[in-house]
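K.L.:
If you want the building blocks of each chain, they are given just below.
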Amino acid sequence: MRPRNPSQELRAAELLADFMALGGPAPDVLDTEMWSLASVIRDTLPPDPPTTEFVTGLRRRLEQRPLGARRGERKRIRSLYLAGIALLTAAIAVIAFLAIQQIGGRGGVVSAEDVLAKARATVASPESAGIRSMVLTQTSTVFFLADERRGQPSMQIETRLWYDTPGRQRIETAFVEMALDGTVGGSGHRLDTWTGAEHWRVTPEGNVWVLSQAADSSPYSYGVAMAGLPADLDTISNGSCRSPRLLSEDRVAGRDAYVVELTRPRCGYAFPGRDGKGLVWIDKQTGLILKWQQFAVDGTLFFVQEVTSIEYNGQIESDQFSYAPAPGTQVTDYRSQPPQVFTRFEEPTISLGEARAGATFTVLEPTWLPAGFGLESVQHIWGSEEARRLKSHADWVLLRYVDAQGNWLLVSQGYTGFVVGWGMGLPQPPLTGLVELKGGMARWFDGNPINRWEPGTMLALGWMQSETPAPPDGFGGSPLSAVLSNVLTLEQLVRVAESLR
Amino acid sequence: VQQSNSLQGRGRKDHLTEQSEAVAALQAKDDPAAFLPLYERYVVPVFRYCHVRLGERTKAEDATSEVFLKALDRISSFRGGSFPAWLFRITRNVIADSQRRRSKDQVPDTSADIPDANIGPEDYAIRSARQRTLRQAITGLTADQRHVLELQLAGWPDADIAAALGKTRDAVKMLRLRSLKSLRTSLVRNGWQPRDWLDEA
Chain A
1 MRPRNPSQEL RAAELLADFM ALGGPAPDVL DTEMWSLASV IRDTLPPDPP
51 TTEFVTGLRR RLEQRPLGAR RGERKRIRSL YLAGIALLTA AIAVIAFLAI
101 QQIGGRGGVV SAEDVLAKAR ATVASPESAG IRSMVLTQTS TVFFLADERR
151 GQPSMQIETR LWYDTPGRQR IETAFVEMAL DGTVGGSGHR LDTWTGAEHW
201 RVTPEGNVWV LSQAADSSPY SYGVAMAGLP ADLDTISNGS CRSPRLLSED
251 RVAGRDAYVV ELTRPRCGYA FPGRDGKGLV WIDKQTGLIL KWQQFAVDGT
301 LFFVQEVTSI EYNGQIESDQ FSYAPAPGTQ VTDYRSQPPQ VFTRFEEPTI
351 SLGEARAGAT FTVLEPTWLP AGFGLESVQH IWGSEEARRL KSHADWVLLR
401 YVDAQGNWLL VSQGYTGFVV GWGMGLPQPP LTGLVELKGG MARWFDGNPI
451 NRWEPGTMLA LGWMQSETPA PPDGFGGSPL SAVLSNVLTL EQLVRVAESL
501 R
Chain B
1001 VQQSNSLQGR GRKDHLTEQS EAVAALQAKD DPAAFLPLYE RYVVPVFRYC
1051 HVRLGERTKA EDATSEVFLK ALDRISSFRG GSFPAWLFRI TRNVIADSQR
1101 RRSKDQVPDT SADIPDANIG PEDYAIRSAR QRTLRQAITG LTADQRHVLE
1151 LQLAGWPDAD IAAALGKTRD AVKMLRLRSL KSLRTSLVRN GWQPRDWLDE
1201 A
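Just so you know, the protein sequences line up as chains A and B, in that order.
Counting in our numbering, the first sequence runs from 1 upward without gaps.
Counting in our numbering, the second sequence runs from 1001 upward without gaps.
Note that these hints are calculated values from the structure, not bench results.
We treat Cβ as the ideally placed atom computed from N, Cα and C, and that holds for glycine.
Take every hint as true, because none was put in to throw you off.
Below, a list of computed lysine to any residue pairs in the SDA-like style, where the Cα atoms sit at most 20 angstroms apart:
1. B:1070 to A:64
2. A:277 to A:111
3. B:1029 to B:1074
4. B:1070 to A:55
5. B:1070 to A:61
6. A:438 to A:490
7. B:1070 to A:255
8. A:284 to B:1062
9. B:1029 to A:63
10. B:1029 to A:60
11. B:1029 to A:61
12. B:1070 to A:256
13. B:1029 to A:64
What follows is a list of derived Cβ distance ranges for each label pair:
14. A:204 to B:1143: 46 to 52 angstroms
15. A:151 to B:1019: 51 to 57 angstroms
16. A:132 to B:1099: 37 to 43 angstroms
17. B:1097 to A:432: 52 to 58 angstroms
18. A:189 to B:1139: 36 to 42 angstroms
19. A:245 to B:1033: 39 to 45 angstroms
20. B:1185 to A:204: 48 to 54 angstroms
21. A:197 to B:1036: 37 to 43 angstroms
22. B:1143 to A:243: 48 to 54 angstroms
23. A:404 to B:1139: 51 to 57 angstroms
24. A:404 to B:1140: 57 to 63 angstroms
25. A:319 to B:1036: 27 to 33 angstroms
Here chain A stands alone, though its shape is the one from the complex (with noise of 0.2 angstroms):
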């Protein structure tokens, strides 16, 4: 029914607004049409409150705000500001030349290179920034680069991180995969949990493991690692492969940051197209990761992370960092094995000798390359400081080889496999297969992690040499071996691993 006059429209309008406020049936006194505009507008564009950690932040930010800057008299601010427009010409100068010295990386009063070296800090240390704890929240969006769907988000990841120290972490992490062909192909939630003295983790697939964890061991690196944060800055500004640069400051999750740009990498492992410029948002207080942008190399967006909500140091309740399976939960039980102790596997590049002496294992090399192809790196790896001290097995060995052209091919051998990303809880590959090798089998896979399998960007075979399976975090696992490119053919892939002497 319409409203018919001032009185009735004034009627109307009332009840329109207590509607839009509150929800509810629709007022007979406006028309469906109106009613039903209102409830999809006030639908469509929901008012989303402000986190706790916002609020608080911002009312500590004004209990702590300058006197001078609350007390601004209006001569006393007359006069300062004509003494600003003084120092200005002169201040202009300097600030240029701090900009100059700062966004050039050459050594100013902050440098790329620094922040970069604070990051690492951090990751390695949160204590050693001064963060007993912490609550976060991150968002993960992948975009698919194929054609057919390119710049669509092929996975969507958002977590929930709470960490205490010492060595307590929970992580939260909820994802949504797409297929290309534009299906949903899945979606799940995983948990984990470290209580200080164990990690239970629930999988997407609903296993419950138990681990034990090191009571002097921090989580939090592994944790960042597995939510999907470079844990290791290596892994996206290695010294040699890329170059930092400071690009500006910003604000992420109320924080300000340093902008780094890192550029695209000249040497490593790099998938093809996928790995151009980086840009990485760096807390300036704390040296936390804060922002991961990864572009491909035209400059197409193809990973984007961001921490949408940080709390420093607030207090935690104790029972998020506790877990119990539900009466009747099947689980998995892996507290036998050495406890774990977290490692960034941030190894440096040694010589193929040095690689022999110090590995757990025989470390074999390929007789047989493609033509072009070099060694360009040997890096010996351990599961964890424990494992490294105790001489436990496992470690494993990467030998990277790459040619003119930056093709790679990496051969790993050791006690864990090595398949980028795996860890971070990505589907299967759905191209794979068996092959002969060896006298045994061996199983390939086609496309990689990073971006749903797309076929054509990776190849990788890997084959174990005991049918125990591998138990998970790489301690006392079974020697597995892998070999992967991003150019060579199946056929080439065997030749190389059957060349292994």
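Following the hints, put chain B in place on chain A, whose structure we already have.
P.N.:
Chain B in isolation, oriented as in the chain A frame:
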């Protein structure tokens, strides 16, 4: 009669609130701690308004921070009267500055916000498209109509909207009704049909 009394009662209470807020704001010139209750009272509505206008949570947080820091810094310029009206002027200026600083896009894009993990990318894309259409239509309203609708969407009560805009509450209600009517006309002109929103409601 009962309704009339109730409305009068609400009016008195609002008037008292307005007076006490003005007193608190004046006190804050000498005692900054007096500003904090005003912050607590208005941080949510200001944030929501910024979110409605700017479309993205992080930008809304930045703008809200700027509003309150500026308000505190300039509290000496508050000369009494309606505190929400004074705060709203700052908010409007901060948002205008923020929009001037933004890229060439006229219409805020909320695609950077990922509000709900349960919404699939396609649903989210549809919702974003609808948001853009609605925001575009809202920008076509008169300034008063737009302010009323955006403050309403941000959850501001009528008393605060009236105080912020310097209008009576009845005027606010009429502006809202007329903004809806204008919006309906604009949406139909842009290809939406009433059934589009009738089906949704």
